[in-house]
Amino acid sequence: MAVLAEAQAEPQKVDLREPPSWRRTKNRLMTVLMVLAFVIAIVPLGFVLATVIAKGASVISWSFLTSSIPPNVLPANVGGMGPAIAGTLVITALATVIAVPLGILGAVYINEYGGKGILARVVRFMSDVMTGVPSIIMGLFIFTLWTLHFQYSGLGGALALACLMLPIVIRSSEEMLKLVPDSLRQGAYALGASKARVTMTVTLPSALGGIVSGALLAVARAAGETAPLLFTIGIVTSVNWNPFSSANTSLPSQIFLNATQPYDGAQARGWGAALTLVVIAFIFMIAARLVTARFARYQR
Amino acid sequence: MSTAVEADPAIPAGSASPLGQRRPLGDRAFAILALAAGLLVLVILVLIAITTSQQAASWFSAEGLSIFSNNWNQAANQFGVLAFMYGTAITAVIAVIISVPVSIGIALLLTEVVPRRWGQPIVYVVDLLAVVPSVVWGLWGILVFAPWVQHIYSSIASGLTGIPVLSTFFGGQNISGASFFTAGLILSFMITPIVTSLSREVIATTPSIDKQGAYALGATRWEMIRGVVWPHSQGGVVGAVLLGLGRAMGETIAAALVIGSSPTITSHLFAPGYDMPAGIANLFGESSGVFRASLLGMGVLLFVFTIVINIIARGVVERSARRARGA
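Protein chains in written order, with the numbering used here: chain A, 1 to 300; chain B, 1 to 327.
Hints in this document: simulated from the structure, not taken from any laboratory. Mixed in with the good hints, there may be bad ones.
[Unchecked claim] Just so you have them, the derived chain A footprint on chain B, three or more residues with Cβ under 8 Å:
no. : region
1   : 45–58
2   : 81–92
3   : 171–184
4   : 218–231
5   : 249–257
6   : 306–312
[Claimed, not checked] Here are a few chain B residues that face chain A, going by a calculated C-beta distance under 10 Å:
no. : residue
7   : Asp27
8   : Arg28
9   : Ala34
10  : Leu40
11  : Ile98
12  : Ile104
13  : Val126
14  : Asp127
15  : Pro133
16  : Leu243
17  : Phe284
18  : Gly315
19  : Val317
[What the hints assert, rightly or not] Listed below are the simulated BS3-like cross-link pairs for lysine-lysine, each with C-alpha atoms no more than 30 Å apart in a straight line:
no. : chain 1 : residue 1 : chain 2 : residue 2
20  : A       : Lys178    : A       : Lys116
21  : A       : Lys178    : B       : Lys211
22  : B       : Lys211    : A       : Lys26
The C-beta atom is built at its ideal place from N, Cα and C for all residues, glycine as well.
Assemble the whole structure, with the sequences as input and the hints as a guide.
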């Protein structure tokens, strides 16, 4: 009653907000659950990164990054992961050299030549499907096609990684080519340029930022892959900078091996390798973001 | 090739000048090169199927239909892969059940709740889950997570003894930190970014005018999501979930380290098991003859399963995207 009298006395102070109801509570609850979903997702990420940094940082030193891989029984302060780092760099670089030009060309086909034709649609669809093919299948594929005939080598690993990267590069480059306005192409055609020339000098350069960024993300993904390398590169304990002959090794392969070792030293080297690998993957991802940001500014 | 060029919308009709008739050699070479690169995808997919099946042929002919039996005995040269298929299905399903609500929650948070300038950092953070390599998840899983979670499994199992349904799944004697459930859990972290980003893409296509309409009728945000966003994006989200399932099925190294490496079929999720990619990765090095052929055959089966799931999923996503554009 008192509330009512007050409301009559000062009608302009009436609370017009809807009273708390089950509907509003439910809305709040659901919003909280959505935030909770995000928290649930980042908790394991936080744990993994914290563990990798804590356990890896105590192992990493200049000699860890350059020394050859010692027998597993030796303690953590002996030897390092030099051959694995060299292998990862060489194999990933070679895979990039193989996959990126082919991927960009494939995207050029889909977007510039195939158009709305059935073949281009099939190629685009199958590239999507191929991104979902498990990486271990790429390893088995190159094992049967290459390693069985030519022995273990960094090149075999690079071929397997390239199979993995190819559809990713195709799809990301194609998305970028799609964004190039048609008026640019038509302007170049009007000047009498041939289609190859238009593509090489007008279309591709204007999509370059996005293409580079997509390629860098593909590299980040490939650098961390273990499964394609398991059956294709073999294993070595000393540096092999030549991907074309004899067996090689890589950071992911070494982490996989060391994870199942009972020795503290081997596990510690595993953590060191994990931190190195995470840093390499993050560098490529951050580079991709920087290129994207720069490109976006340039576009504006 | 020439038909595709003529059909190209980028060339206006007027450019079919005399010059267009004799295209320079370099121009044609470039077109052929691009076509070859495009066809490479199809060639690789076909070659994968052919070369791996060839290498696996001795397994198919030695075992016949018993390749699908639950009889894996390396010593006796018996290679039935049912236990591996069971493990693949069970871990992928666990991963999807855990990951999907989380992913859809994050996708809705990004599209409907937070302002855009907060959205980008959230996307970056969620994508980091995918940047952490599979093998690093595995290393953490086997050396840190599995020993820790084993105690929790034990107490859950002892707490549930005697309760009918729950103890079938979460009970049992053979409790291990490296188990179906641990593998499923770690796979769920790994597939969350892809399910999130695909769901987000679908949810973001909900027409703004429909959403405003729901608000104008007095709906709360959740009622708007239930009434407008969900019916609109249901199909696409199903596709995203299927793609996540395919990823979880094929994810190798993390599972190989934490699944427990024991080819058994059991309803107890806290027991060690095996799945197909993990089996291939762990056993390939020591294999030869029919054993190796059986692992390659497992690869063929995995390839077929993931291809089928991906084709269905992409089909569903594309159809719902087309419908969204048409609406």
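Hints, one by one, checked against the model:
Figure legend: the region 45–58 of chain B, annotated as covered by chain A; annotation consistent (7 residues with Cβ-Cβ distances under 8 Å, at least 3 required). Interface restraint, the region 81–92 of chain B with chain A: violated (0 residues with C-beta to C-beta distance below 8 Å; minimum three). Closer than 8 Å: that is the beta-carbon criterion, and the region 171–184 of chain B has 0 residues meeting it against chain A, so the requirement of 3 is violated. A stretch counts as covered by a chain when three or more of its residues have a beta carbon under 8 Å from one of that chain; for the region 218–231 of chain B and chain A the count is 5, and the coverage holds.
Using a Cβ-Cβ cut-off of 8 Å, 7 residues of the region 249–257 of chain B lie near chain A, which meets the minimum of three, so the contact claim holds. Residues of the region 306–312 of chain B with a Cβ under 8 Å from some Cβ of chain A number 5, which satisfies the need for three, so the listed coverage holds. A distance limit of 10 Å between C-beta atoms decides the matter here; for Asp27/B the minimum to chain A is near 4 Å, and the interface restraint holds. Given the 10 Å rule on beta carbons, the hint for Arg28/B holds: about 8 Å separates it from the nearest Cβ of chain A.
Given hint, Ala34/B at the interface with chain A, holds; its Cβ is 4 Å from that chain's nearest Cβ, closer than 10 Å. The interface hint given for Leu40/B holds, since its Cβ lies 6 Å from the closest Cβ of chain A, which is under the 10 Å cut-off. Interface hint at Ile98/B: satisfied, since its Cβ lies 9 Å from the closest Cβ of chain A, which is below the 10 Å cut-off. The interface hint given for Ile104/B holds, since its Cβ lies 8 Å from the closest Cβ of chain A, which is under the 10 Å cut-off.
This hint holds: Val126/B has a C-beta 6 Å from the nearest C-beta of chain A, less than the 10 Å allowed. Checking Asp127/B against chain A by beta carbon gives a least distance of about 8 Å; that is within 10 Å, so the hint holds. For Pro133/B, the interface hint holds, since its Cβ comes within 10 Å of a Cβ in chain A; the closest pair sits about 3 Å apart. Nearest Cβ of chain A to the Cβ of Leu243/B: about 6 Å, under the 10 Å cut. The hint holds.
With a cut of 10 Å, the hint placing Phe284/B at the interface with chain A holds, because the nearest CB-to-CB distance is about 6 Å. The interface hint given for Gly315/B is met, as the beta carbon of that residue sits about 9 Å from the closest beta carbon of chain A, less than 10 Å. A least Cβ separation of about 9 Å between Val317/B and chain A falls short of the 10 Å threshold, and the interface hint therefore holds. Under the criterion of a C-alpha separation no larger than 30 Å, the hint pairing Lys178/A with Lys116/A is consistent with the structure, at around 12 Å.
Among the hinted pairs, Lys178/A with Lys211/B is consistent with the structure: their alpha-carbon atoms are about 29 Å apart, no more than 30 Å. As the CA atoms of Lys211/B and Lys26/A are separated by approximately 18 Å, the hinted pair is consistent with the 30 Å bound.
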